[in-house]
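Asker: Generate coordinates for the entire structure from the input sequences, incorporating the hints supplied.
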Amino acid sequence: MTDIAESYLRLASIPNVGPSTVRKLIARFGSPVDALKATRSDLLSLERVGAKIADAFIRGRDEVDVDSIKRKLKAFNAEFICIDDDAYPKKLRLIYDAPVGLYVAGNADLNAESIAIVGCRNCSMYGKLAAKKFASSLGQMGFSIISGLARGIDTAAHFGALEVNAKTVAVLGCGLDIVYPPENIDLYRKI
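In this note's numbering, the protein residues as written are 1 to 191.
No lab work stands behind these hints: they were computed from the structure. Glycine included, every Cβ here is placed at the ideal spot set by N, Cα and C. Just so you know, not all the hints are guaranteed correct.
Have a look at the derived ranges for each label pair, beta carbon to beta carbon [to be verified]:
| hint | residue 1 | residue 2 | range |
| --- | --- | --- | --- |
| 1 | Ser-124 | Gly-18 | 35 to 43 Å |
| 2 | Arg-121 | Phe-29 | 18 to 26 Å |
| 3 | Ser-31 | Cys-120 | 41 to 49 Å |
| 4 | Val-118 | Gly-50 | 28 to 36 Å |
| 5 | Asn-122 | Asp-177 | 24 to 32 Å |
| 6 | Ala-78 | Gly-50 | 46 to 54 Å |
| 7 | Asn-165 | Glu-63 | 19 to 27 Å |
| 8 | Asn-16 | Asn-77 | 26 to 34 Å |
| 9 | Leu-44 | Asn-165 | 51 to 59 Å |
| 10 | Cys-120 | Glu-47 | 52 to 60 Å |
Think about it this way: if two alpha-carbon atoms lie no more than 27 Å apart in a straight line, the pair counts; the simulated DSS-like pairs of lysine-lysine are [said to hold, decoys possible]:
| hint | residue 1 | residue 2 |
| --- | --- | --- |
| 11 | Lys-91 | Lys-133 |
| 12 | Lys-52 | Lys-74 |
| 13 | Lys-167 | Lys-190 |
| 14 | Lys-52 | Lys-91 |
| 15 | Lys-37 | Lys-24 |
| 16 | Lys-37 | Lys-52 |
| 17 | Lys-72 | Lys-167 |
| 18 | Lys-24 | Lys-52 |
| 19 | Lys-167 | Lys-90 |
| 20 | Lys-190 | Lys-70 |
Answerer: Have a look at this one:
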């Protein structure tokens with residue numbers, strides 16, 4: 001992992017400090033490495049950064065155990081892709097509040113032609129069938145199917161992609177180490 005990627009990993013792991021604050025720091029200091037050197041007064045000089053965020057940043061950057069995070073990534077056969085990395089999704093990079101990094105497990109080409117299929121968790125049988133059929137058809141056309149591994153439409157979309165050996169990407173809101181809902185553990189492993 002490069003110094004820049006490791007700095008992004010540390011920045012992304014600071015509790016109560018979001019991506020917009022991290023981007024402000026990088027814009028001000030020029031790099032994530034230099035952003036980590038910010039003093040409390042540097043932080044307070046940034047727009048919309050008050051004492052609470054400044055103190056959380058100072059405390060958090062010193063407490064983040066990057067080596068422990070790296071060990072967990074290795075245990076999950078995962079990696080951290082920072083926003084400056086070529087592997088980071090180009091379209092995601094364009095949104096206002098893009099995460100400064102992504103935790104990725106498996107063989108994921110995050111810049112492949114893709115389409116997201118998401119919907120309600122408590123959907124009708126027709127909804128599940130439609131999501132599965134759309135995912136299968138689009139997967140056969142070469143699209144990667146992106147969804148959230150949630151119950152309902154998301155689950156159906158992943159199964160539809162897998163049914164035709166298409167790529168599917170699960171975006172996990174709880175992290176790589178927490179499979180939710182628990183009944184999707186087998187689906188998680190297949191993906």
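Asker: A separate judgement is required for each hint: does it hold in the structure or not?
Answerer: Structure-based check of all given hints:
1. Ser-124 to Gly-18: 35 to 43 Å: holds, 36 Å
2. Arg-121 to Phe-29: 18 to 26 Å: Between Arg-121 and Phe-29, where Cβ atoms are some 42 Å apart, the hint is violated.
3. Ser-31 to Cys-120: 41 to 49 Å: Check passed, 42 Å falls within 41 to 49 Å.
4. Val-118 to Gly-50: 28 to 36 Å: holds, 35 Å
5. Asn-122 to Asp-177: 24 to 32 Å: holds, 26 Å
6. Ala-78 to Gly-50: 46 to 54 Å: Check failed, 34 Å falls outside 46 to 54 Å.
7. Asn-165 to Glu-63: 19 to 27 Å: Since the Cβ atoms of Asn-165 and Glu-63 sit about 44 Å apart, the hinted range of 19 to 27 Å is violated.
8. Asn-16 to Asn-77: 26 to 34 Å: Given range 26 to 34 Å: holds, Cβ gap about 29 Å.
9. Leu-44 to Asn-165: 51 to 59 Å: Holds, since Leu-44 and Asn-165 (Cβ atoms, about 54 Å apart) stay within the stated range.
10. Cys-120 to Glu-47: 52 to 60 Å: violated, 38 Å
11. Lys-91 to Lys-133: Roughly 25 Å separates the two Cα atoms, so the pair holds.
12. Lys-52 to Lys-74: violated, 33 Å
13. Lys-167 to Lys-190: Judged against 27 Å, a Cα distance of about 11 Å means the pair holds.
14. Lys-52 to Lys-91: violated, 32 Å
15. Lys-37 to Lys-24: Satisfied, since the Cα-Cα distance of roughly 14 Å is no more than 27 Å.
16. Lys-37 to Lys-52: Status holds; Cα separation ~18 Å.
17. Lys-72 to Lys-167: holds, 25 Å
18. Lys-24 to Lys-52: holds, 16 Å
19. Lys-167 to Lys-90: holds, 18 Å
20. Lys-190 to Lys-70: At roughly 24 Å apart (the allowed maximum being 27 Å), Lys-70 and Lys-190 satisfy the hint.
In this structure, the hints that do not hold are numbers 2, 6, 7, 10, 12, 14, in rising order.
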